Structures are given as C-alpha cells and as structure tokens.
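Visitor: Sequence:
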Amino acid sequence: MQFQYVIYEKSERIATITLNRPEALNAFNKDVVEEILKALEDAENDEKIRVVILTGAGEKAFSAGADIKIMKGFDALKARELSLMGEKLCSAIENFEKPVIAAINGYALGGGLEVAMACDLRIASDKAKMGQTEINIGLIPGWGGTQRLTRLIGKAKAKELVFTGKMIDAKTAEQLGLVNMVVPADQFREAVRKFAMELAEKAPVALRIAKALINKGADMSLDAAIALEREGFGVVGSTEDLQEGVSAFIEKRKPVFKGE
7 MQFQYVIYEK
17 SERIATITLN
27 RPEALNAFNK
37 DVVEEILKAL
47 EDAENDEKIR
57 VVILTGAGEK
67 AFSAGADIKI
77 MKGFDALKAR
87 ELSLMGEKLC
97 SAIENFEKPV
107 IAAINGYALG
117 GGLEVAMACD
127 LRIASDKAKM
137 GQTEINIGLI
147 PGWGGTQRLT
157 RLIGKAKAKE
167 LVFTGKMIDA
177 KTAEQLGLVN
187 MVVPADQFRE
197 AVRKFAMELA
207 EKAPVALRIA
217 KALINKGADM
227 SLDAAIALER
237 EGFGVVGSTE
247 DLQEGVSAFI
257 EKRKPVFKGE
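Numbering (the working numbering), first residue to last: 7 to 266.
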C-alpha cells in the first residue's frame with residue numbers, strides 16, 4: 007500500500023497514521039485526506055488491528071489545519087466543498103469502530119484541532135498548542151469545530167476560543183477537558199504507544215459497542231440512550247470474551263481477549 011503524504015504503520019495490534027507534510031506543518035489537502043481515509047479503511051478491515059493512533063510528523067505540528075493555499079480565490083461553492091471534505095474525514099474517524107487516539111505532538115490549529123476532536127481520545131505533548139484560529143483570517147471553523155468544541159468544553163469557553171482565535175497550551179486544554187492527558191515531550195511517543203497498547207489488550211467487541219453507545223447516546227434522550235445501552239449490554243453479554251474475562255478474574259490471571 008503506497009502513500010505519499012502519510013506514513014502508515016502496523017505493529018502489535020496498533021495502526022499508526024502519521025501526517026507527513028512537516029514542511030507545511032502537516033496541513034490538510036485533498037490528497038492527505040484521501041490517504042488518511044485509505045489507511046483507516048485498511049485498519050478497519052484488518053482484524054489484527056485494535057487501536058489507531060493519528061499523529062503528525064516532526065516535532066512542530068500535529069496539523070496546522072487546511073492548507074491555506076487551497077483558499078486562494080475562494081467562493082461559496084469552494085468553501086462548502088472544503089467543509090464537506092473535512093466533514094467526511096471527521097465523520098470517518100468518529101464512526102470508525104475501533105478506538106482512535108489523537109497524539110497531538112505540536113500545533114493543532116483550525117482543521118487540525120477539529121480532526122483531533124473527532125478522535126476518541128486526545129493525548130498532548132506539553133509543548134503542544136491548540137486553537138480554532140480561523141477567525142484570524144476572516145473564516146470560521148468548517149470541519150465541526152463550532153459543534154464538537156462546544157460539546158467538549160461548553161458554550162462559553164467554545165465561544166471564547168472561536169471568537170478570539172487564540173491558542174492555548176496543553177495544560178489549559180487539559181483543564182478545559184479538551185485533551186485527556188498531557189505528557190512531557192521527551193516521553194510523548196512512548197507514552198502514547200503504552201496507552202494504545204493498554205487499550206489494545208481490552209475486549210474488542212466491548213470497546214466497539216462502548217464507543218458506539220457513547221457517541222450515539224450523546225444526542226438521544228436519556229431513556230432512549232439507556233434502552234440502546236441495554237441492547238449493547240446484551241450483545242457483549244453473549245461474547246466469548248466475557249467468559250474469558252470472568253474466568254481470568256476467578257483464576258487471578260490476565261485475560262486474553264480474541265474479539266469473539
């Protein structure tokens with residue numbers, strides 16, 4: 007499988023997709039998005055893969071967002087097309103059956119932050135900077151930023167970040183609930199890998215159902231969401247992995263889950 011703009015690696019049940027345009031701060035364009043989607047499709051279909059890490063090449067940036075060169079000579083139609091491109095990518099990540107971790111190694115700005123927010127979990131280097139900076143060039147977030155950011159940190163803080171276009175550091179992002187954890191830069195890659203391995207050892211069916219329930223239930227009434235959870239509980243309750251987990255607990259050993 008050939009890629010020009012991303013590095014795609016698979017090892018020990020983990021797939022890593024690295025945005026590989028460091029000279030452009032790993033900015034997105036159509037080719038980058040298509041290659042990420044191609045890698046995600048492969049990871050989805052590979053039963054050995056249980057977790058995906060999405061990160062950026064180099065030390066400077068996860069991604070600075072959509073390549074500004076795309077926006078030269080913009081009109082309403084081109085703007086909508088760019089928005090749809092980002093929505094397609096973010097939706098693919100959000101609806102991906104397996105956990106996706108955004109490893110934010112540096113700047114995550116504009117569309118870069120929006121893509122990170124579509125991931126299930128976000129781990130940031132202590133040198134990372136984040137922001138919805140579109141307002142600074144006369145634009146607004148177009149890849150779900152006004153919506154996912156609001157759902158993650160609340161309306162007031164989301165408005166502050168979107169209206170001002172300011173960047174925040176990793177620690178502030180953690181305090182706001184925008185990232186799950188912050189790791190020293192010199193330990194970053196190792197810490198992300200260790201966390202991904204921890205998830206990869208969990209029961210795959212349970213992880214898949216849990217992700218779907220949390221995502222879908224967030225937009226449902228509590229009663230409807232609980233009913234959906236009940237159905238998911240029934241599905242997971244019939245798996246061989248559950249019986250393996252129960253046996254391992256009784257026998258005081260580590261469970262070995264097979265995704266069955």
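Since the hints were derived computationally from the structure, they do not count as laboratory data.
Quick caveat: nothing in here was measured; it's all calculated off a predicted structure.
Any given hint could be a false lead.
[As the list claims (entries may be wrong)] With a straight-line Cα cutoff of 27 angstroms, these simulated DSSO-like cross-link-like pairs (lysine-lysine) come out:
hint: 1; residue 1: Lys66; residue 2: Lys200
hint: 2; residue 1: Lys133; residue 2: Lys200
hint: 3; residue 1: Lys94; residue 2: Lys66
hint: 4; residue 1: Lys44; residue 2: Lys163
hint: 5; residue 1: Lys177; residue 2: Lys84
hint: 6; residue 1: Lys44; residue 2: Lys94
hint: 7; residue 1: Lys260; residue 2: Lys222
hint: 8; residue 1: Lys217; residue 2: Lys163
hint: 9; residue 1: Lys94; residue 2: Lys264
hint: 10; residue 1: Lys200; residue 2: Lys165
hint: 11; residue 1: Lys163; residue 2: Lys16
hint: 12; residue 1: Lys54; residue 2: Lys264
hint: 13; residue 1: Lys264; residue 2: Lys217
hint: 14; residue 1: Lys78; residue 2: Lys16
hint: 15; residue 1: Lys16; residue 2: Lys264
Visitor: Determine which of the earlier numbered hints do not hold for this structure and return their numbers in increasing order.
Guide: 4, 5, 7, 9, 10, 11, 14
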